[in-house]
Amino acid sequence: MNDKKNPFDEIITAEEKKILLGGASGYLQLSSLPEALRDKTPAFKVYLAVITLLVFLVFVVTFAGAPLSYANVSNTSHPADLQVHKIRVFIGLLLVAGFYYQLLLRQEVVSLLVSISALCAYFMASGAVRLLRLLPEPGLGFYMYVLTWLVSIILLLLFAREAAR
Amino acid sequence: MSHYKYDSFFVCEILIGLFAVMVVFHTVLLAMLGDSQPPLSDSSYLVLEMASFRAVFTSILLFVYLCFRLTGQKIGVVLGAIALISWVAFLEDFMVLENAFYIPELFSGKVLQFLRPIYLITIVYMVIEARRREMNL
Numbered sequence: 001m002n003d004k005k006n007p008f009d010e011i012i013t014a015e016e017k018k019i020l021l022g023g024a025s026g027y028l029q030l031s032s033l034p035e036a037l038r039d040k041t042p043a044f045k046v047y048l049a050v051i052t053l054l055v056f057l058v059f060v061v062t063f064a065g066a067p068l069s070y071a072n073v074s075n076t077s078h079p080a081d082l083q084v085h086k087i088r089v090f091i092g093l094l095l096v097a098g099f100y101y102q103l104l105l106r107q108e109v110v111s112l113l114v115s116i117s118a119l120c121a122y123f124m125a126s127g128a129v130r131l132l133r134l135l136p137e138p139g140l141g142f143y144m145y146v147l148t149w150l151v152s153i154i155l156l157l158l159f160a161r162e163a164a165r
Numbered sequence: 001m002s003h004y005k006y007d008s009f010f011v012c013e014i015l016i017g018l019f020a021v022m023v024v025f026h027t028v029l030l031a032m033l034g035d036s037q038p039p040l041s042d043s044s045y046l047v048l049e050m051a052s053f054r055a056v057f058t059s060i061l062l063f064v065y066l067c068f069r070l071t072g073q074k075i076g077v078v079l080g081a082i083a084l085i086s087w088v089a090f091l092e093d094f095m096v097l098e099n100a101f102y103i104p105e106l107f108s109g110k111v112l113q114f115l116r117p118i119y120l121i122t123i124v125y126m127v128i129e130a131r132r133r134e135m136n137l
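Residue numbers (the working numbering), protein chains in the order written: chain D, 1 to 165; chain B, 1 to 137.
Next up, chain D with everything else stripped away, as it sits in the complex:
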């Protein structure tokens, strides 16, 4: 019969062992959406619903077919512009998925929201510069483009402020 004890049994208690073995999986465990939203303010839920709806609409509009094709949505027919637009939509969807993942992990989302709003500012500015070159003069389309992005950025920043509460 072997009387030798495992040296780790003397150092680590049963409780510590339980935390060490089970702690990591619990930390990375996704909660349900109602659980994740339980302690959030009503304004947070409204912002979340509005922004999710907006992203869904952009996704539908972008992939809807001929009348709402890439060329119409991005106001250009240059292949490079269209490819950039496709990549931006794809990155947007990835970021929304990342945001929901972070939310369901019940981790801090403020910095992610601020980063996304900064990225939107970059998209708005680069798109506006490009449109100024493409269009003979900035008309209603240009102002609508800038206004849409501005509203999105303000919504995201308000959402970030609400998330910080």
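Incorrect hints may appear among the rest.
Covered stretches of chain D (in silico footprint by chain B; criterion: 3 or more residues with CB under 8 Å from a CB of chain B, positions within the stretch not fixed) [unchecked claim]:
(1) 106-115
(2) 120-130
(3) 137-148
These aren't lab readings, by the way, just hints derived from the structure by calculation.
The beta-carbon is built from N, C-alpha and C at its ideal position, and this holds for glycine as well.
Position chain B relative to chain D; hints supplied.
Chain B only, in chain D's frame:
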């Protein structure tokens, strides 16, 4: 500011600053000398158009970062935003715009091409390090 002494973070800041200065310098040089070859494709035409915009945007980001750093505010969020924009811009360049910055005649373009991957990795390290330090405060 006292939390960030002269360590690896400081070295990273020098690298980032060098990259930002090179972006601005290259763009100014490009505007002054011009490109000897006309744009051959849509993507190269778009690259030329985007170059000036990128330089302005880089300067603004650098200015915001410096303001936060000098006033001793938390820089994790600012760095996160800069890193996200940098990686998205890189993806756009890599997948669509071919050789952004690269003008064979200009040495500054070659230096930028060399510095860019270093910059992208450095900025991610800085985000992680800044967040770690801010959580420990």
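*Does the structure break any of the earlier hints, and which numbers would those be?*
3
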